[in-house]
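Engineer: Here the protein sequences come in this chain order: A and B. Heads up: the first sequence is residues 1 to 116, going by this note's numbering. Heads up: the second sequence is residues 117 to 535, going by this note's numbering.
Hints listed in this document are in silico derivations from the structure and should not be mistaken for laboratory results. Careful, some of the hints might be misleading.
What the hints assert, rightly or not - Reference listing, derived: stretches of chain A covered by chain B, where coverage requires no fewer than 3 residues with Cβ under 8 Å from a Cβ of chain B:
| hint | region |
| --- | --- |
| 1 | 23-30 |
| 2 | 43-56 |
Stated by the list, open to error - 16 Å max Cα-Cα, derived EDC-like pairs, lysine to aspartate or glutamate:
| hint | chain 1 | residue 1 | chain 2 | residue 2 |
| --- | --- | --- | --- | --- |
| 3 | B | K188 | B | E154 |
| 4 | A | K29 | B | E124 |
| 5 | B | K339 | B | D226 |
| 6 | A | K82 | A | D95 |
| 7 | B | K525 | B | E501 |
| 8 | B | K507 | B | E524 |
| 9 | A | K29 | B | E123 |
| 10 | A | K2 | A | E87 |
| 11 | B | K345 | B | E223 |
| 12 | A | K29 | B | D127 |
| 13 | B | K188 | B | D155 |
| 14 | A | K39 | B | E123 |
| 15 | B | K507 | B | E523 |
| 16 | A | K94 | A | E106 |
| 17 | B | K273 | A | D17 |
Unchecked claim - Per label pair, the in silico range of CB-to-CB distance:
| hint | chain 1 | residue 1 | chain 2 | residue 2 | range |
| --- | --- | --- | --- | --- | --- |
| 18 | B | R175 | A | G25 | 21 to 29 Å |
| 19 | B | R328 | A | G102 | 30 to 38 Å |
| 20 | B | L311 | A | Q28 | 24 to 32 Å |
| 21 | B | S477 | A | G102 | 56 to 64 Å |
| 22 | A | E87 | B | A126 | 34 to 42 Å |
| 23 | B | A172 | A | D85 | 26 to 34 Å |
The beta carbon of each residue, even a glycine, is placed where N, CA and C say it ideally should be.
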Amino acid sequence: MKEFMLIFLGADYSQLDLSPEESQGQMQKWFQWVDNLRKDDIYVEGRPLAPLAKRMQGKDLVITDGPFAETKELVGGYFIVKAKDFEAAAEIAKDYPDFHLGGGVEIREVMMMDHG
Amino acid sequence: MASLKTEELADHLFRHEYGKMVAVLSRIFGFENPELIEDVIQDAFVTALQTWKYNATPRNPSAWLMQVAKRKAIDILRRNQLHQTTIDQHLALPVDLTIDSFFHEDEIADNQLRLIFACCHPALKEADQIALTLKMISGFGIREIAQALLTTVDAIKARLSRARKFIRREEIPLEIPTGKSLDERIFTVLTVLYLIFNEGYYSTQHEQIIRRDLCDEALRLTKQLCAHKRGDQPPVHALIALMSYHASRLTSRTDTQGNTVLLPDQDRSLWDQDLISQGHIHLQLASRTKPFGNYHIEAAIAAQHCLAPSFAETDWQTLLSLYDVLYTMKKSSQILLNKVVVLMQLKEYDHAQHLLLQLTSDLDQTVMFHSVFASLEMDVGHAAEAENHLKKAIQLSTSPLQKAFLEEKLSAVNSNSTT
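Please model the entire structure based on the sequences and the hints provided.
Structural biologist: Following this line, the structure appears as structure tokens:
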């Protein structure tokens, strides 16, 4: 089994004007998704990222304050899941609950460091 | 490793928290600043959605949301130095401490009650009271309100803005009325809550899920009013009883295709016994002191139906006297129409027909009138007259479901009269 990182881009909830009931419904869909992944024993971990960012670059350590990307491309967080290949990882990502709200998923394989 | 149990939020948690946050924030920013209030709450929900969905629901979601709202509110106050707000007026304490006091449980309950009285202010139009209550107290979104009230998003926006302008212009205070005016003001609140309930209960155009939602919400708000010491009044208990009895029958009122099932044909085993017991308890609490008002009588009528083991075994005689009492309180043609239905069950056809003819001028343009008249004509064997009334009812009906139901009755009349 390989591990893949699903990087979530958007959705920008603050622009969507969801009602309280809709927000809660969306939350419940995420809970259900995580739950399904856990039942299949392919969920490794997942964390949200706060929007504030700083970038340090160059030999003078120039600091730029973020966020950097367009809001709709802002990384909101990630999951790490187990899958046998890219296709399987993409299959998992199909259940991402925020596609209809303008969100997207970037899939990257997490390299295994085998020093054994 | 976290537990394997699916995270689950309480039903409508966000809606209910919305109501609480509005209650607190309208004290901080003033009711006349709905944009600020809305911003703070949106921010709290967005933050929650961004983080909780990674299976990280806080142990006390309600406290968490309030905490985020509080921080954001203090930020805004500091940044904007909103000196015109109410804060200044009671501000002997530093901002943080004053704001803290608004977040105490008891204070939230008081604020919610103040807000209900403001949203149901007697000088507001009924339609505006309902929209404002659903928005500010119940936490419905504008689309959801439009859907519930069978109108457009723009119409709801217009109602909300008109109501808010009125509240600002007239400087309607956020307060809990006292003394004699408390009774009158509670009565207006109950009227609004009952209208919301009826919107769900009697509508023939909604999906079942929206109807139940409205009924549940109206019942919840009435109970919330009752839970406050100032709202713990006989008419409030009576309305809870009435809503509980009605709500107990919701499931049995539509079949799986969404068609209406009338009282005689309802499967009584589907009636919710918990709600019926709740009705009994509140009707008893309502009846500790006189005088009895129309909600008492309406609840007693609904109780009679819930107590009857079958349609045939209903105590029609008692119902007849209850409708007579009710009519002395509320001179409404609708009540007389209900009385006609009872008279038909008692086989007092002449009396029933006499009443119906009296009601013609008032109710000739309503579906119910012709539908009841058709039943009477059927009962006394006048198929042709029954047919005419059914045709009229079908012509008047605006609901496809109701039309279908009446068409079915019509074809039953036709097949009976030809055989």
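Engineer: Given the hinted pair K507 (chain B) and E524 (chain B), is their Cα-Cα distance within 16 Å?
Structural biologist: holds (11 Å)
Engineer: Would the pair K29 (chain A) and E123 (chain B) pass a check requiring their Cα atoms to be no farther apart than 16 Å?
Structural biologist: holds (10 Å)
Engineer: Should the hint that A172 (chain B) and D85 (chain A) are 26 to 34 Å apart at their CB atoms be regarded as holding?
Structural biologist: Distance hint for A172 (chain B), D85 (chain A) holds at roughly 29 Å.
Engineer: Between K188 (chain B) and E154 (chain B), does the CA-CA distance stay at or below 16 Å?
Structural biologist: OK: K188 (chain B) and E154 (chain B) at ~12 Å, within 16 Å.
Engineer: Are at least 3 residues of the region 23-30 of chain A within less than 8 Å of chain B when you compare beta carbons?
Structural biologist: Check passed, 6 qualifying residues.
Engineer: Could you check the hint for me, namely that R175 (chain B) and G25 (chain A) are 21 to 29 Å apart, CB to CB?
Structural biologist: Given range 21 to 29 Å: holds, Cβ gap about 22 Å.
Engineer: What's the verdict on K188 (chain B) and D155 (chain B), does the C-alpha distance respect the 16 Å limit or exceed it?
Structural biologist: With a Cα-Cα distance of about 9 Å, the restraint between K188 (chain B) and D155 (chain B) holds, given a limit of 16 Å.
Engineer: Can the restraint linking K525 (chain B) and E501 (chain B) be considered satisfied, given a maximum Cα separation of 16 Å?
Structural biologist: holds (13 Å)
Engineer: Should the hint that S477 (chain B) and G102 (chain A) are 56 to 64 Å apart at their CB atoms be regarded as holding?
Structural biologist: holds (57 Å)
Engineer: Establish whether the coverage given for the region 43-56 of chain A by chain B is satisfied; the threshold is a Cβ-Cβ distance below 8 Å, and no fewer than three residues must meet it.
Structural biologist: holds (count 3)
Engineer: Is the straight-line distance between the alpha-carbon of K39 (chain A) and that of E123 (chain B) 16 Å or less?
Structural biologist: holds (13 Å)
Engineer: K29 (chain A) and E124 (chain B) were given as a pair; does the straight-line alpha-carbon distance stay at or below 16 Å?
Structural biologist: holds (10 Å)
Against the hints set out earlier in the document, no violation occurs for any number.
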